[in-house]
Amino acid sequence: MPLFYSLYLSFQDWILLTNSSPQGFVGFTNYQNAIQDPGFQNSIKFTGFLTFFTVPMQLLLGTTLAFLVSGQSRFLQVSRALLILPMVVAPIAIGTLWRLLFNDTAGPINNIFLHAVGLKGPLWLGDQTWAKYAIVIIEIWQWTPFVFIVISAALTTLPQEVLQAAQVDGASRWQIFKKIEIPLLAPAFLLVIMFRTLESILTLDSVLSLTRGGPGSATLNVTYSIYNKGLREFDLGSATAMSWLFMIVATLFILGIFRLTMRSEKKLG
Amino acid sequence: MKTLNLKRSKTLMLFKILTTILALLVVLFPFFYLVVTSFRPASEFLANINILPHSFTLDHYREVFGQQQAFGYLRNSFVIATIVTVISILFGTMAGYALVRSRFKQSLILSIIFLFIFIRFYPRISIVVPWFLILNNFQLLDTIWAVIILHLGLTVPFVVWLMYTFFKGVPVDLEECAMIDGAGFVRRFRSVILPLSLPGIASASIFTAFLSWNEFLLASAVTRESAKTLPVAVAGFMTDKGVLWGPMMAMSTLLVLPMVIFALVLQKYLVKGMMLGAVKE
Numbered sequence: 006m007p008l009f010y011s012l013y014l015s016f017q018d019w020i021l022l023t024n025s026s027p028q029g030f031v032g033f034t035n036y037q038n039a040i041q042d043p044g045f046q047n048s049i050k051f052t053g054f055l056t057f058f059t060v061p062m063q064l065l066l067g068t069t070l071a072f073l074v075s076g077q078s079r080f081l082q083v084s085r086a087l088l089i090l091p092m093v094v095a096p097i098a099i100g101t102l103w104r105l106l107f108n109d110t111a112g113p114i115n116n117i118f119l120h121a122v123g124l125k126g127p128l129w130l131g132d133q134t135w136a137k138y139a140i141v142i143i144e145i146w147q148w149t150p151f152v153f154i155v156i157s158a159a160l161t162t163l164p165q166e167v168l169q170a171a172q173v174d175g176a177s178r179w180q181i182f183k184k185i186e187i188p189l190l191a192p193a194f195l196l197v198i199m200f201r202t203l204e205s206i207l208t209l210d211s212v213l214s215l216t217r218g219g220p221g222s223a224t225l226n227v228t229y230s231i232y233n234k235g236l237r238e239f240d241l242g243s244a245t246a247m248s249w250l251f252m253i254v255a256t257l258f259i260l261g262i263f264r265l266t267m268r269s270e271k272k273l274g
Numbered sequence: 042m043k044t045l046n047l048k049r050s051k052t053l054m055l056f057k058i059l060t061t062i063l064a065l066l067v068v069l070f071p072f073f074y075l076v077v078t079s080f081r082p083a084s085e086f087l088a089n090i091n092i093l094p095h096s097f098t099l100d101h102y103r104e105v106f107g108q109q110q111a112f113g114y115l116r117n118s119f120v121i122a123t124i125v126t127v128i129s130i131l132f133g134t135m136a137g138y139a140l141v142r143s144r145f146k147q148s149l150i151l152s153i154i155f156l157f158i159f160i161r162f163y164p165r166i167s168i169v170v171p172w173f174l175i176l177n178n179f180q181l182l183d184t185i186w187a188v189i190i191l192h193l194g195l196t197v198p199f200v201v202w203l204m205y206t207f208f209k210g211v212p213v214d215l216e217e218c219a220m221i222d223g224a225g226f227v228r229r230f231r232s233v234i235l236p237l238s239l240p241g242i243a244s245a246s247i248f249t250a251f252l253s254w255n256e257f258l259l260a261s262a263v264t265r266e267s268a269k270t271l272p273v274a275v276a277g278f279m280t281d282k283g284v285l286w287g288p289m290m291a292m293s294t295l296l297v298l299p300m301v302i303f304a305l306v307l308q309k310y311l312v313k314g315m316m317l318g319a320v321k322e
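Residue numbers (our numbering), protein chains in the order written: chain B, 6 to 274; chain Y, 42 to 322.
Be a bit skeptical, because a hint or two may be false.
[What the hints assert, rightly or not] Lysine-lysine pairs mimicking DSS-like chemistry, simulated, CA-CA at most 27 Å apart:
#1 Y:K209 <-> Y:K146
#2 B:K125 <-> B:K137
#3 Y:K309 <-> Y:K209
#4 Y:K209 <-> B:K184
#5 B:K183 <-> Y:K51
#6 B:K184 <-> Y:K309
#7 B:K137 <-> B:K50
#8 Y:K209 <-> B:K183
#9 Y:K146 <-> Y:K309
[As the list claims (entries may be wrong)] Listed next, with one range per pair, are the computed distances between beta-carbon atoms:
#10 B:L119 <-> Y:R265: 53 to 61 Å
#11 Y:G223 <-> B:V173: 29 to 37 Å
#12 B:F72 <-> Y:N178: 27 to 35 Å
#13 Y:F56 <-> B:K184: 51 to 59 Å
#14 B:L124 <-> Y:F56: 49 to 57 Å
#15 Y:L151 <-> B:L119: 47 to 55 Å
#16 B:L124 <-> Y:D183: 42 to 50 Å
#17 B:Q172 <-> Y:W186: 33 to 41 Å
#18 Y:N177 <-> B:K50: 54 to 62 Å
#19 Y:N178 <-> B:P164: 31 to 39 Å
Quick caveat, the hints were computed from the structure, so don't treat them as lab data.
Keep in mind it's a predicted model, so treat the numbers as computed, not measured.
Beta carbons: idealized from backbone N, C-alpha and C, even for Gly.
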């Protein structure tokens, strides 16, 4: 229901602050405006940037950790439990907390950690470029655990006989990793990539609480610019048009996830 | 040769432990800093760069519980998460079961599942504006029901999908046996299916509770003051004039700590729920 309402709105001229009802059908004007709006274009670029930098890193770190922390000892079990904590807490709180960590006058990142290795940290959140990396960092911090969990669990389902057979045949650890474990983990990897890509496109909370899109509009991503358009400027026509454009892209990804899920199901069934 | 191997595996073990410790530090430090900072006196905020403050204070907690009505927000968040979880599980379990055992064409079931996956992942931002207007019409804005309705829209499809995946793993034979023994439909669902699916239900409830407790975007769109949830209240400390660090950190601690404890206690089910959502076992 709300979806169809929003489709209807996207073809209307309606700014809630000045009018209390839609001001008539305007065809594709809202869509055209959205595509031509440089702010919206930039937000698409930043969304791409964010996904491009975070997803591969999350994958790399998450997988490495999954391999390192696999095992039965008490220490490793406790570690596994603790390592997933970032993903269970509200992104909004994470953003505000890291805002303090990144603070250039008192935050520990610049004043303690980077200071200790003799580096002078950047202004992080006050700098157009570094603010982007700040968001990349917290996204990696918060969501690497997701990759970690899925890959860890997938690791436990690997057939032990195959691994042992390879070992007996004299395969090195690296060969086993490359030739056996990675291919067997491929379905899990694909799913993780799809999930993370989609969620990273949809990120809002962390951006909102860490930088509020600033400085300037350096870290404004698509979700946040729709949020601003709709809930701050109350330009409902443009906001819904933007979200429909956005939705089309997201739907393609969702279709991808769906087909992967179904394929892995078929394999099992 | 043997000693060499032994030595190598020992270095490997050491490497494993060291990296794990490093990862733990990176993960846990922000949590530690959050809690410590919520006790830091206001005068030390941008002046003292040490991790530990010179003195500890309860001022920020006093403030959030006094002027900021933290109790009210806590209660809102708690009530909303509870109601959302109960309703989602009730409907999600039944719908998931119905989908698994129904005699619909496979393609129809697949499209229904697709619809549910779609609802789980499509951009939430797209429905914010229409929902805002609809709820405004029904005069439900700034009530906890507004938040509950919006959260249910997210969680019910998710639970259906999760339970669908779960029920697929429950063998039909058991149920057929019960049927032969003369158990009716309700009896079968209650005494055969439900006990078997308890782990699945546990995972789904935890997941739903997390989602609802942490959700910010939808809650912030439809609340102003009386129905505010904790995440919305935390974001409220960032004003255009500046950030009220102390109270914000205290409120964030209230938001984060319950989930951390919850996650550690119920870790087994949490991981399972994530796996059901993400990969098949």
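Evaluated hints:
A hinted pair counts as satisfied when its Cα atoms are at most 27 Å apart, and K209 of chain Y with K146 of chain Y qualifies at roughly 16 Å. A C-alpha spacing of about 18 Å is found between K125 of chain B and K137 of chain B, which places the hinted pair at or below 27 Å, so the restraint holds. Our distance criterion of 27 Å between C-alpha atoms is met by K309 of chain Y and K209 of chain Y, whose separation comes to about 21 Å. Taking the CA atoms of K209 of chain Y and K184 of chain B, the gap is near 32 Å; set against the 27 Å cutoff, the hint is violated.
With a C-alpha separation of about 23 Å, the suggested pair K183 of chain B and K51 of chain Y falls inside the 27 Å cut-off, and the hint holds. With a CA separation close to 31 Å, the supplied pair K184 of chain B and K309 of chain Y exceeds the 27 Å bound. Note on K137 of chain B and K50 of chain B: the hinted pairing holds, with a Cα-Cα distance of about 12 Å set against a maximum of 27 Å. Proximity of K209 of chain Y to K183 of chain B is assessed by CA-CA distance (about 33 Å); at most 27 Å being required, the pair is judged violated.
With a CA separation close to 35 Å, the supplied pair K146 of chain Y and K309 of chain Y exceeds the 27 Å bound. In this structure the hint that L119 of chain B and R265 of chain Y lie 53 to 61 Å apart at CB is violated, the actual value being about 41 Å. Between G223 of chain Y and V173 of chain B the C-beta distance comes to about 54 Å, which lies outside the given range of 29 to 37 Å. Between F72 of chain B and N178 of chain Y the CB atoms are about 54 Å apart, so this pair departs from the stated range of 27 to 35 Å.
For F56 of chain Y paired with K184 of chain B, a C-beta distance near 23 Å fails the hint of 51 to 59 Å. Judged by the Cβ atoms, the range 49 to 57 Å given for L124 of chain B and F56 of chain Y is violated: they are separated by roughly 25 Å. Hint check: L151 of chain Y to L119 of chain B, Cβ distance near 52 Å, so the stated range 47 to 55 Å holds. For L124 of chain B and D183 of chain Y, the hinted distance range of 42 to 50 Å is satisfied, since their beta carbons lie about 48 Å from each other.
A hinted range of 33 to 41 Å is violated for the C-beta pair Q172 of chain B and W186 of chain Y, which are about 60 Å apart. The supplied range of 54 to 62 Å is broken by N177 of chain Y and K50 of chain B, whose beta-carbon atoms lie about 34 Å from each other. A beta carbon spacing of about 57 Å between N178 of chain Y and P164 of chain B contradicts the range 31 to 39 Å that was offered as a hint.
Violated hints, listed in ascending order, are 4, 6, 8, 9, 10, 11, 12, 13, 14, 17, 18 and 19; each of the other numbered hints is respected by the structure.
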